Amino acid sequence: MTVFAEYAWLVPVFPVAAFAVLIAMGRGAGRPGAWIGTLATLLSLILSLCIAGERISGKAEDYSAHYHWLQVGNISLSAGYEVTNLTSLMLVIVTLVSFLVNLYSQGYMRDDDRMPTFFAYMGLFTGSMLGLVLADNLLTMYIFWELVGVCSFLLVGFWFHKPEAKAAAKKAFIVTRIGDLGLLIAILLLFWYMPNHALDFSTLHNVFATQSGVIATGITTWIALLIFLGAVGKSGQFPLHVWLPDAMEGPTPISALIHAATMVAAGVFLVARTFDIFQASPAAMHTVAIIGAFTAIFAATIGLAQNDIKRILAYSTISQLGYMMLALGVGSMPAAMFHLFTHAFFKALLFLGAGSIIHGVHTQDIREMGGLGRKMKTTAWTFGIGALALSGIPPFAGFWSKDAILTAALDKQPILFVVGAVAAFFTALYMARLFFLVFTGNPRNDSHAHESPAVMTIPLVVLAVLAVVAGFVQTPFNGWFAEWLTGDKAVEHGSGLVMVVSAAIGLLGVYLGWLIYAKGAIRRDVVSSRMPGLVKLLENKYYIDELYHLLFVKPLYALGKVLNAFDDYVVDGVVRLAGQSATGLGRLNARLQSGQVQAYTLTALIGLVILALAIAGRRFW
Amino acid sequence: MIENIPILSFILLAPLVGALLVLLLPKQRSGWLRITALVFSLIPLALCLWLFASYQPGAGGTAFTEHYTWLSIPLNKDASQGIASMLLHFDYHLAVDGISLPMLLLTSIVSSMAAMASVHIRKRWKMYYVLFLLLETGMYGVFLARDLILFFIFFEITLIPMFFLIGIWGYFGREKAANRFLVYNGLGSAAMLLAFLILIATAGFTAAQAAGGYQLDFSGSYDVLLKNLSDPNAYANLDPAKTGDLGLHLSNNLKWGAFVLLLIAFGIKIPIFPFHTWMLRVHKEAPPSIVMIHSGVLLKMGVYGLIRFGAFLLPAQLHSWSTVLAVLGVINILYGAILACVQKEFKLVLAYSSVSHMGIVLLGIASLNEIGLQGAIYQSVSHGLISALLFLIVGSLYERTGTTELDDLGGLAKSVPFLSGILLTAGLASLGLPGLSGFVGEFLSFLGLFGSMKWLTAVGVLGILFAAVYVLRSVLGITFGPIQDRLTEIKDARFVEAVPMIALTALIILLGVYPSILTDLMQHGFTGLLEQFTQRAGG
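Those protein sequences? They're chains D and A, same order as listed. For the first sequence, our numbering gives the first residue as 1, with consecutive numbering after it. For the second sequence, our numbering gives the first residue as 1001, with consecutive numbering after it.
Everything labelled a hint here was simulated from the structure, so no lab data went into it. Here the structure is a predicted model, which is why all the values come from computation and not from measurement.
Stretch by stretch, here's where chain A covers chain D in the computed footprint (C-beta under 8 angstroms, at least three residues): (1) 68-82; (2) 166-175.
The following label-pair restraints were derived from C-beta to C-beta distances: (3) A:Tyr1171 <-> D:Asn196: 49 to 55 angstroms; (4) D:Val3 <-> A:Thr1323: 54 to 60 angstroms; (5) D:Tyr67 <-> A:Thr1323: 34 to 40 angstroms; (6) A:Leu1023 <-> D:Ala20: 43 to 49 angstroms; (7) D:Leu559 <-> A:Leu1023: 48 to 54 angstroms; (8) A:Thr1323 <-> D:Leu551: 28 to 34 angstroms; (9) A:Phe1495 <-> D:Pro453: 40 to 46 angstroms; (10) A:Asp1492 <-> D:Leu559: 34 to 40 angstroms.
Even for Gly, the Cβ is constructed at its ideal location relative to N, Cα and C.
Could you build all of it, start to finish, from the sequences and the hints given here?
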């Protein structure tokens, strides 16, 4: 039975329509106009819930439909959508987070005179992400993939007059485009290697999952790695993570959207959607696992030394996405999607909470905050729940999903498990640092912080509830989620050891953070006084940005300058020389308005006569 | 019923009639002049849309054709004892197929929009519009002509008005630019003429047996050439003993000569590195409304010529030089893109980006398959629309700010949100954002070439990364960031400026979202050529 799935195409259409309406109305739409965007997202949410409900309750068939996009010879490139359990899950995540962010933005963006534009962009952003989720083939997905990228660019650069926003938007687009090139070439490869040039996911599944050997392993590895390059760019994995922390120059609700449900989730989703290709190539799987694990610990260490509240959260996102990639790399797609699911809620919660804090104190530096717990009660306790979920403290959602990943990692490769566990410790530590510095102790500046309006706190409360309960869909005692997602009964059951270890690590991190930043039992500069070099390295994010600037940006511009001179003096110079030697012609043409039409027509006529003569007297040449 | 109306001639002649009317109008009435020019640009647009609506690709593409013998010149018959008579035809032969129709549509759209954009022209309106309309006729003629000589004439006709339009109404360095334009294109025309001559003299005739020997009938007819060149036995019945030392057969060396000459002739127009410097100057110095036509349509005449004559007439040569063409394409893409990244002047950014985008067209042609060839045409049309839109905006921006130097601009999104929004959209289209037309052309071109040359394609794809760099650098440089004081008071687009901008943007979106509208036209356009390639590959 598929009732709602047939209308799945409407899910992205609502927000995109809102975008079109709002853009057409321009700034005149005003504050009421902004509600069009929110309402459209609400409609999408309702429909997504119906679709997911239908799939959870009954034995609904996968539904897909596609349309002719363009035809070349007898090859047809189509655009289509497909509803499966995986896509319906993503629909709910995206629309739910997007709706809550929309609602929140009604309060957060209240005083911005470009509010309708903001909601228009957000509609296109949500719609593109939904289109990406629903796409039934890689080309359609790529189209929406790029649109998601451009929307994130527009929103990061929403406050376009700020030079930082301009730079961040540009960086986000260009860095992710490096990954997009990989995905594009992967599509080109698939097009030419797949039987009948098929690009749709069900054919991909048939070809790769059956190990039929239609495509050689070497090519499969290339395809998988190139797809992964796309995911690395979008999901902010090392070495293309540099855009994500800068992307917080956008309005904070957008950070929540980018970091939780749209944009960065797209990378993980892409790998999950083409998982059969990865599974057909062990080399690609290893790469994914290693990059994921490395990114998880790499970003977590940077998070320890940052002072900007949004930057800390941004690095935590990179780190958590690393976990998801790790899960994919060790072959547990359900664990990755599970973590994506829980992470969407608690990360949206944390960013919206951060927005609420910034709204109240007008600074992003956690060293200037403090004691906010008393002034912003709702924000404080919801943020606390989010922080606990992120730190992997039971029974919050993040614990269960991180546990699933660590279990899968331990099964495959103990070293990956250790890396993941250490990263989890750092995560708990930097979240504790963040929480205690912001909400406890004495205020460190004299701003009159106040709680945010209800339109902003209600989404926080909803997300806080979800951050508590969302984890229970899949626990070591209940494998419902993985079973529903993959249709497989055989799901790994967690070991008690992993649970204990991961809970202990999380608690230890929080405890240490409490000792340092709340109780003051350990001096804060205990590390920085002994190893100033290390702290400096972390504060400067391992100098990756500077390195890239030196390695890529500067040489490119230098090359450009050299080529520019070459173009001017050599390529054009040769012509100039030739032109000067033909001074007669030059002088003739310098006089522009003296009967040149006739002269030129004459030249053309002479040419014609020569043509005729040449044909006539052809035996002489 | 449509068959009975010489619609192609109407398209061709409407601007000419307009030019005559403009000549009759008083020269100080700029409004009348502008409206006349616009109306006579819109008539071909309407007719082209009619063609578009009634064109059926399955019908073989010759549904619309007009053919009259124009001149017939007897040549000296003492050439050889075996020849009874020699005749030289000049034919007026127009036709439309799946390759020329997209180009015609592009021409009519861009010309109409450029006519509207000519509102910024400040002097000598009458002469301007006469030349403008003459230029239009030339362009239509190029895409309609099915006779080599006719094609050559129209090709030349576009040069004369362009020369004056650049030289009189351009910016500071206009005269030098016009000069450079003429020198280069003159060289190209010479090469083209020579190539056409070789082709006509050796393969452009039909031979019939008559009482006194052969009757040789020379003409520049494209159909005759196509038939003779694609059929290895075309002149099998021609006895070499009787024709003497005429050497009527097109030898392989001559074919190569003709191919290289055509590549140079159209390579200058496209332009292919290192023949591109003239077009940088035109982009920089010509008035924006003329650059719209130049970048939008005139460069595509090179693409069209290369496909129509280079590919269709000499497929074997193209086949063996496909790698050369692909390498030239990749050089164009990367060279143009890297140079676009360091330009300080917006028009030069756009000029180098045109070099880069035309490189993608070359890749499509080099692919030798239908995907790539359709991609090449699609990319040409799309680039035509996008650069027309970009230069339309440049014209409006220059009117308001008096500069196109990137350092002197910034933050315009605050004072002119509409113009900035359109500029951003055009920029995104230019960097190949899916959902806008640029992506389809690029994707098809890359997809086509990837089938035969994987590594070259992969290197070429890098170009779209650089495209993101130079587009964002320049467009964000103009629209984002803090606004300079002197730019805060400027006004947003007027209605007359906004109409063509919205129209072009809408078309760019339409072609990006629903590409079938254009690709369906081309469906049977390449059938004959592809058969030739398959034969090469097979044999």
